[in-house]
Amino acid sequence: MPENVIFALGLTLLAGLATGIGSILAFFTSRTNTKFLSLALGFSAGVMIYVSMIEIFVKAKDALISAMGKVPGNWATVGGFFAGMLMIALIDKFIPKQSNPHELKRVEEMKQPVSAANDPALLKMGTFTALAIGIHNFPEGIATFTSAIQDPALGMAIAAAIAIHNIPEGIAVSVPVYFATGSKKKAFKLSFLSGLSEPIGAFLAYLVLMPFLNDIMFGIIFAAVAGIMVFISLDELLPAAKKYDEAHTSIYGLIGGMAVMALSLLLFL
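Following this note's numbering, the numbering of the sequence shown begins with 1 at its first residue and continues without gaps.
Hints listed in this document are in silico derivations from the structure and should not be mistaken for laboratory results.
The model shown is predicted, which means the values in this text are computed figures rather than measured ones.
Idealized CB from N, CA, C, for every residue including glycine.
Among the hints, erroneous ones may be present.
[Unchecked claim] For each label pair, taking beta carbons as the anchor points, the in silico distance ranges come out as:
| id | residue 1 | residue 2 | range |
| --- | --- | --- | --- |
| 1 | 235 | 79 | 16 to 24 Å |
| 2 | 211 | 259 | 21 to 29 Å |
| 3 | 209 | 94 | 19 to 27 Å |
| 4 | 262 | 152 | 16 to 24 Å |
Take these sequences, add in the hints, and give me the full structure.
This is the structure:
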């Protein structure tokens, strides 16, 4: 396996397993640091929106125009962008509201008494929550992997942004699973395992897409990745940041994320 593929898979694994960090925070802190989470989620959204629109979309368009010509290339880029948005929107639509990773949980909920531990219905619900988050994270793994294959520095930035946004998802799965089982060990295990869908998505992308990778395939995938990340930012990260928000902290994080991403891209020119 080529070194760049191993590097990309490793980045995706680290980003996915950040759900475990959220689980640890739920167990070992007494309260949710809402200001930090709001700032971090805003920062992550800023990184993902900026890099999607300024870097990834442009690279996708250049590749498709080069391979298909100006007019078809532009149409294919826009089509790929909105196809990525549609894919992640459909995944969200088919995840029930109570199991949706966008439904935020707070660390404080872990301190409430567990009165229904070992209830089979709650156990089923908690397990499904972890599964739902795993499904939701699958396309994020593809996005991180394909970005890292094309540009390692870009892949590192995207992996960091996705890792940040996986932390509150780890809390979101740990809280209901803990209430379903009464076991912190089981809650951590399922939270940790739910993040494995990202490297699995990356590995499947390697097996299925890499043999057919050419300029057209690369351009469409990259355009879809841009759409996926913009949708995640607008539908998940910013609403979550505002729910945790204190004043304009999330917007400061958003601007900071864009500025850091812009600076890093300029330094690698």
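Do the hints match the structure? See the list:
1. Distance hint for residue 235 and residue 79: a CB-CB separation of about 20 Å, consistent with the stated range 16 to 24 Å.
2. Separated by about 39 Å at the C-beta atoms, residue 211 and residue 259 break the suggested range of 21 to 29 Å.
3. The supplied range of 19 to 27 Å is met by residue 209 and residue 94, whose beta-carbon atoms lie about 23 Å from each other.
4. For residue 262 and residue 152, the Cβ-Cβ distance of about 18 Å falls inside the hinted range of 16 to 24 Å, so the restraint holds.
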